[in-house]
Structure formats: C-alpha cells, structure tokens
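From first to last, the protein sequence lines are chains A and B. First residue of the first sequence: 9, per my numbering; consecutive thereafter. First residue of the second sequence: -11, per my numbering; consecutive thereafter.
The hints are simulated quantities; they were obtained by calculation from the structure and are not laboratory data. Check before you lean on any hint, since a few could be wrong.
DEER-style ranges, computed between Cβ atoms [stated by the list, open to error]: (1) R70(B) / V281(A): 51 to 57 Å; (2) G380(A) / E(-1)(B): 54 to 60 Å; (3) A23(B) / A359(A): 35 to 41 Å; (4) K337(B) / A379(A): 57 to 63 Å; (5) K217(B) / A359(A): 33 to 39 Å; (6) R340(A) / A23(B): 40 to 46 Å; (7) D120(A) / E355(B): 30 to 36 Å; (8) D383(A) / Q242(B): 21 to 27 Å; (9) P134(B) / D120(A): 46 to 52 Å; (10) A379(A) / E(-1)(B): 33 to 39 Å; (11) A379(A) / P200(B): 32 to 38 Å; (12) Q242(B) / K391(A): 44 to 50 Å.
Here are the computed lysine-lysine pairs in the DSS-like style, where the Cα-Cα straight-line distance is at most 25 Å [stated by the list, open to error]: (13) K22(A) / K136(B); (14) K51(B) / K136(B); (15) K348(A) / K51(B).
Bear in mind the structure is a predicted one, so any value in this text is a computation, not a measurement. All C-beta atoms in this analysis are idealised placements derived from N, C-alpha and C, irrespective of residue type, glycine included.
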Amino acid sequence: MSNLTHLTIKDALKGLKSKDFTSAELTQAHIDAMGAAKDLNAYITETPDLALEQAKASDERRAKGEAGALDGIPLAIKDLFCTKNVQTTAASNILEGFKPQYESTVSSKLFDAGAVMLGKANLDEFAMGSSNTTSFYGNVINPWKSQNSNKDLTPGGSSGGSAASVAAYIAMGATGTDTGGSIRQPAAFCGISGIKPTYGRCSRWGVVAFASSLDQAGTFARTVEDNALLLRTMSGHDPKDSTSAKKDVPDFVAALNGDIKGLKVGIPKEYRVDGMPEEISKLWGQGIEWLKSAGAEIVDISLPHTHYALPTYYIIAPAEASSNLARYDGVRYGQRADEKDLIDMYELTRAQGFGDEVKRRIMIGTYVLSAGYYDAYYIKAQKVRRLISEDFKKAYEKCDVLLTPTAPSAAFAIGENEDDPIKMYLNDVFTVPASLAGLPGMSVPAGTDKDGLPLGLQIIGRPWDEETVLKVAQKIENLAQFKLWSPQSK
Amino acid sequence: MPQMIKGETGEWEIVIGMEIHAQVIANSKLFSGAATEFGAEPNSQVSLVDAAMPGMLPVLNKKCVEQAVRTGLGLNSKINTRSVFARKNYFYPDLPQGYQISQFEDPIVGEGKIEIDLPGGSVKEIGITRLHLEQDAGKSIHDQSPDKSFVDLNRSGCALMEIVSEPDIRGPEEATAYLSKIRMIVRYLGTCDGNMDEGSMRADVNISVRKPGDEYGTRAEVKNVNSLKAVQQAIEYEARRQVEILEDGGSVDQETRLWDPNKMETRSMRSKEEAHDYRYFPDPDLLPLEFSSEWVEEIKQTLPELPDEKKHRFMGNYGLSPYDASVLIAERARADYFETVAKEGGDAKLSANWVINELLGILNKNEKTLAESPISAQQLGSLIKLIVDNTISGKIAKDVFAEMFESGKDADAIVEEKGLKQVTDTGAIEAIIDEVIAENSGQVEAYRGGKDKLFGFFVGQVMKKSQGKANPAMVNELLKKKL
C-alpha cells in the first residue's frame, strides 16, 4: 500500500472513484509515512485521528455518490490557517495552545470539497523567513540531500513544512501562503510546484496575518495539474475579506490544454543578477528553449525598478506586520507572562512570545511608521511599489507571461545565511517583485544543480491570469521531465 | 458674546475647539456584525473581529457610512466621496487589535459650519473642521478585584463619529451651546442618541487663553468632559488655571489633561513629550471608501428639517421670537408637539406660550419628559381653541389645564362638567353689572367724579360675581356704557 502516497491527487481521485482503495487506506498510508518521516519536522501538529475520521466520512459520502471535488485527499495545512478546534500557532510560542473557534475560509472550502487534514504544517514564525529556521517548533528539514554532502538542508520558507511534506510524500498537497516568495521559493527548494495566485484570489479570512497587502494563500503539489485542482477549490470571493476580489473562478484544470503556440513569453533582463550561479542561468536558458520549441515567442523586456523591490518589500511588509502583530499582547489568548504591572506584562509576554526574526521585523516596521520617518520610508516605499506595478503593466503590453528563475540558489544548508539577515532576504529577490505587484506566480521544478538539488523556474502572469501561468508551468513540467525525490533515493 | 476672564493684567479671551465623539446609531458595529445595545451583559456583544482573534478581518458596515454622510450633511459640511481608513497604533487592554481603525488624512466629511444659539436669541457661526469614522475601544474595569483589571469588549468596535470644530468657540457659554447644538442635530438626524450619561456622546475640549487680538496661546486638551455642566466647569477651571500661570510669568504646557468632576479640577494626564506616536498608516485590510455623489444626493433627500431651518420657519411662519423658536426646536418631538398644538388651537403665538410656559413648566416640576406628558398635543390644542373662540377665558384655561394634567381628560369635558363656559349673553352680564353698581354707589360716585382708575375695580367685581366666567371684553364694553 505504501505506493499510495506516491500517487498524484488526480490519480488518487481516480483510484478512489473506481474503488481501488478507500480514503481511509489512503489516509492511513500517509499517517504511516508521517511516522517514518518525523525527522523532517514538517508538521507542528499532526491530526491523525481527525484525518481518519474525515477519511471515513469521505468514504461514506463517496458510497452515497456525494463525493466532492477533493473528497478523501489527505493534505497538509500550513499552520498559519486557523483550523477550528485544532491548535493554530503560526509557529510562534506566543500562540502555543491557541485553538481557534473558527475555520479559515480557505481550509473550510477544502474540507467542504471533502479534503482530509493530516496536520498543521511547520513554517517560519508568523511566515517570516526564507529557510523555515525561525519556527518556535524547530527547523524543517528538506527531504533532499546534496550528492556531495550529508548536511541537512533547509526546505526554504516560510511554507517549509508544506513544501517538505509534499516532497516527502507525507501529504498529497498542501496549502501555503506567500507574502514575498513563501510558496515559490520552498517549492523550488523541494523540487515540487507551487502557485501564489493573484492577490485577492483567495480569502485571507482566518489566515494569521503577516503583511495584509501582500499575504496570499496558494498551493503546493507534485504536479501542476494537482495545484490547479487545489487552487480551483480554494479560490473565490469572500464577503468577510474586503480585499478578496469579486471575480469568477476559472476552471484552472480545464485551462491546462498544453497549447502555448504564439504565446509571448517575456524575459526580464533585470533578473540576470550579478553572481547568479551559472547553472541557474543555464536552466533559465533551457526554459526559454523549451517554450520556444513549444511554439512560444520569446520577448526581451525590462522591469527597470526591479532593483528596488527588495528594499521596498522590507519596508512595507514589516510596517504592516508591526501593526498586525500588536494583537498578540497576552490579554485575550495565547501566552501571557505573569506580571502584575500592565507594561511589564506586555513587554515580557512579547519578549518571550516572539522569536528574533519576528522582533527584528516588528522593530523595523515600528521604525518606518514612526513620526518623522514615515514619509521617508513608508510613503516612499508605497510610491516605489506603484512604479514596480507599472513596470509589469508595461511589460504585459509586450508579452503574456514572464519567465524567470525562482530563487538565486538551490536549497542551502541549515545554519547558512543565518549570520546575515540581508543575505537571507536576498533569497526572495526574484519572487518579491510579483508579490508587490499582486501578480500570480508559480514555481515549477525544471532541473538540478551540480549537487543534484532541484532548481525551479518561475512563471509570472497578468493579474487574474493564473490559467496562462499554469499552462506554461505545465509545459515546462512536461518538457523538463524532472524526477522527484523519492525515499528510495535517500 | 464671548465671555472674558478678568485677570490682574486685564481681560483674557478663552479660545476653544472641541472634539465630539458621537456613537453612531446602527444595527451593528463599524466593522463587524455584533450588536451594539447599551447595558448588555459584559462581553455578550463581541464578535471574533471585535476580540481581534488571529486572522479576523474588518468589513465596513454600510449603515455606519450612511449615518456619517447624513451627519455631515446636517453639519453643512463637504462630503468626501473618497476617504481612507487608517490604523492608529497603541497598546491598551481595551483595544484588542493593538490599533484603532480610524480616519486620518482623508476623512469622510470635510469642512462645514453650524449656527449656535446664544442666550438673548443671538446666533454665532462655528466652523466644523472634519468628521471622521472610527472604532470605539472597549471598557477597562478596575474596581471588581483588588489585583486584577477586567475588560468588557461590548463597546469595542462600535462606530464613532469624531466631529472636530475650528477654534471658534469663546468661553463656556458658547461651548455648551455648541455641544447642545451638535447633540440636537444628531438627534434630529437619528444618527446618534446624544446620551452623554451613557457615554454615547463624549467631548474633548481644547482650551487656550490669550489677550484679545493676540495669537492663539498654547492649548491643553481636556478629556473626560461628559456633560454640559462638566464642559462649563472644566473650561472655567482650566481657563482660570492658564491665566494664573501666564500672569505669574509662566507658560502653559501643551498636554492632555483629565477633568475630575469630583475634585472640580483638571490634572495632567500626559505631556507632549509623553504623547503617543500613533504611527498612522492606511489600513491594508480595507480598500479606500468610495461612493457616488448620487448616493449622497439620495441621502440628502431623506434628511428631516434641521433645527436651524425649523427655527427660521417658526419665526417666519408663526411670528415667534428667536427665543421661543429656539426653545421649541430644542427637541424634534417638542417642535412636533408645538406644531400640532398650533394647528389644533389656531393661534401659534398663544400655543407657543402655552407649550413653553405652562406645559414645559409643569412637566419640569413633575420631573416628566414630553413623551410622558398626560396631555397630548391634540388635547392642549383643543384647550387653546376654547380660549381662541372665547369659550373660556385664559384664566379659567389655566385651571382647566391643571385639571387636564391631573386627570388626562379633554378640555371640553372639564369645561362642560364644571360649567366653566364663558358668559357672553349681554343680558346676563348687564344684570351682574347692575348689581355691582347698586352695591357700590360710593365708588360709582367717585368714578363719575373723575377717578378713572376705579374702572378696574368694577371689572374685578363683575368677574368675581360671574365666577370668572364673564367674557372680559364684553364686561369692559358694557361697564363703560353703564357707568
């Protein structure tokens, strides 16, 4: 039965439909695999009992002919999504023990479609990080290893647990959130695909907020088509989120018709950054060739403000975070330091509750919003953000979609880049611009580096055009014939 | 008329600007679906959004926006069809989000002006700077336990309108007149109940003093001023305090002060240095608030007649004095009551006198509100009609009125029952006059001899004999003939 965990969601749905196996069996196979992969630390909270209960209910629904679009499929839910009566931590000590009385819109859409929850996936604390090393619940370990070293590698972040669980076959798919690259970069590091849809495509209601104007839910899966399946269910307008868009959700799966003939693919020259490893440039070039061979037209374009994206992001995201995280004050829920004086209680609660990276960003955010600095930092950053959006708008007059590398390197060893936050922030250099512009972006695994570690290519689309993004990603997926990590190769 | 303070160095002018917080009458809170009823069990009207649970998001309540627009129109102010909600960041246990959603740079209502009514019937214009929508905080409760504080979040997230005035107010009298006028307007509009006791209307008062003609002085913001009386007392105290400091050669600190109604003083809450840096920035959970000018126009069509319009109509159409008109329009129900009385009674000025002097007087004496009045507007109108058509005299009417207030009976019934109808039969009045002349031959002699003043005496005698029922005009006329 162990190969059940290696199925794609699409094939698992087929198998369930034709009664080759039950969801209970499929789920149990994953629970067994989770037990064997504990060293990856991909989950903060495992929910096997709940999963089996949901699986049983799913099998009953299916028997009655009432199966939903994802009925019986076991998933990992990033522990940033509030799940009713199941501990939700955002990987922070400050929320240890917090059990929401509500279900996030995205997770409830998945459960309404019959999905099974295996557990809450580990992440960087409050989704702040690019290596999943800021979690209060410990590092997540990438299932991949370098051919030349036995060092533990990071799965990327912040959705490191989600990416690792899907790559390690201990979830068929996973939810993630992406604020500056938190889906795309870990997808690339773990050799799977992941999509961040257009800002406003998925509801943020019930998702612990990091930076409200950037946070967007998305998916991880081992195939592009599986991502499309998940995203189709998760998307849609939510009246409870004022920033969710009143847009019809296209059939993302149906969009995967394989036809990209005549599609104009833009190659932004500013993404050829100094010091980019040669293998990444080469892979990028390979991607261009693949798309050309499939009939796409390649267009050189310029996104002149790309250079400012990272500093802009590291003003806006912390600014919003500093305010969004003010509610974790020990008064109503989560951890509270036992202090008599109010100010002491606030200070100690937050000092003990938050980790270093979160504190760093709260301080940066508080600083850039302060009187006297607001105009110089926050207002200026908002202006630059608009310029970056304009860059993309102009680019899309010449092309339909952009192709770039996802990250400037393959997965690095845990502990690397820890000494220098700026170096860590550079991981997001290719993903942040699309986040600032609210555009859909997807990472698809396309090859490996010299150590045999996966590398991803990023496809960035027009607003609301996830269909083209998915279609191009699938084309690369087909042509790259990338081989997933498997436990046998360990 | 500005009230000045006499100091040792001469007269000082008091300069005041006010910030009034008015809780919006709405079905639910500004950004959540929770109810907003006053006096409910603690923490019984709290949604997940109000408690700032992780991942909760605000959704703007359209009704609150409509109420703010209504109020803006009532304040003759510019309505901004695009405004922005911003976060005001600070920590306090009764502020669950750690920030208040408010409006900072782009409020929903911009500049305008209102008229305030001053004693003696004069009016003055006060500029409105802005009105913006914001969330209320919850309530901290410190007196339930020796070592713990509790928080009631029922009020957390309720919609407030902050109405900011220009520093056009001079002295306590104008300040209370301004506050009363704002309260009157929001009550007319149905946008705030104006109950200062329940905290649904609260005022912060910015006070400074200066020598007439000088630049504005440094101001202190006085908080916790929660009644008309407190406004007056706080201003008197604070202005006096500032004058004393200045005359002693000191300088006033720009600071926030708290009014203590028990000690009757203001005291320092926090200085300018300690002032919070609120780190305002546009709330990324909410899109800019935009609506059409057509929608504003639609709302405009539903506005009731506002106090000032009503006042001018009462003066113009009914010939009332500015004072009478302003007393009558003070409450919409009172004005409506008066208009019913006037319509029924047929004499507006007389109706105004009766409503203001008799009705409000007796209600006040009995500690009753107009709504609790045992005499309906129709009933009072029919009483006045009896005076107008000479069925009873004004004097008898007062007795009938007292009886009506006691029993709730109609004026007609009382007049009928007690036989109080005015005597207008010439023969009957002449007979009484004859009797009086016969009984007072000495006075008749004197009157005829030139003592004109005695005429009043005869009128009195005739009225007395008729038990007040003789028509006074006829008595006058017939007496003159007979004497």
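Results for each hint:
no., hint, in the structure
1, R70(B) / V281(A): 51 to 57 Å, "violated, 39 Å"
2, G380(A) / E(-1)(B): 54 to 60 Å, "violated, 40 Å"
3, A23(B) / A359(A): 35 to 41 Å, "holds, 37 Å"
4, K337(B) / A379(A): 57 to 63 Å, "holds, 59 Å"
5, K217(B) / A359(A): 33 to 39 Å, "violated, 46 Å"
6, R340(A) / A23(B): 40 to 46 Å, "violated, 20 Å"
7, D120(A) / E355(B): 30 to 36 Å, "violated, 60 Å"
8, D383(A) / Q242(B): 21 to 27 Å, "holds, 23 Å"
9, P134(B) / D120(A): 46 to 52 Å, "holds, 50 Å"
10, A379(A) / E(-1)(B): 33 to 39 Å, "holds, 38 Å"
11, A379(A) / P200(B): 32 to 38 Å, "holds, 34 Å"
12, Q242(B) / K391(A): 44 to 50 Å, "violated, 33 Å"
13, K22(A) / K136(B), "violated, 59 Å"
14, K51(B) / K136(B), "violated, 37 Å"
15, K348(A) / K51(B), "violated, 41 Å"
Checked against the numbered hints given earlier, this structure breaks hints 1, 2, 5, 6, 7, 12, 13, 14 and 15; the rest are met.
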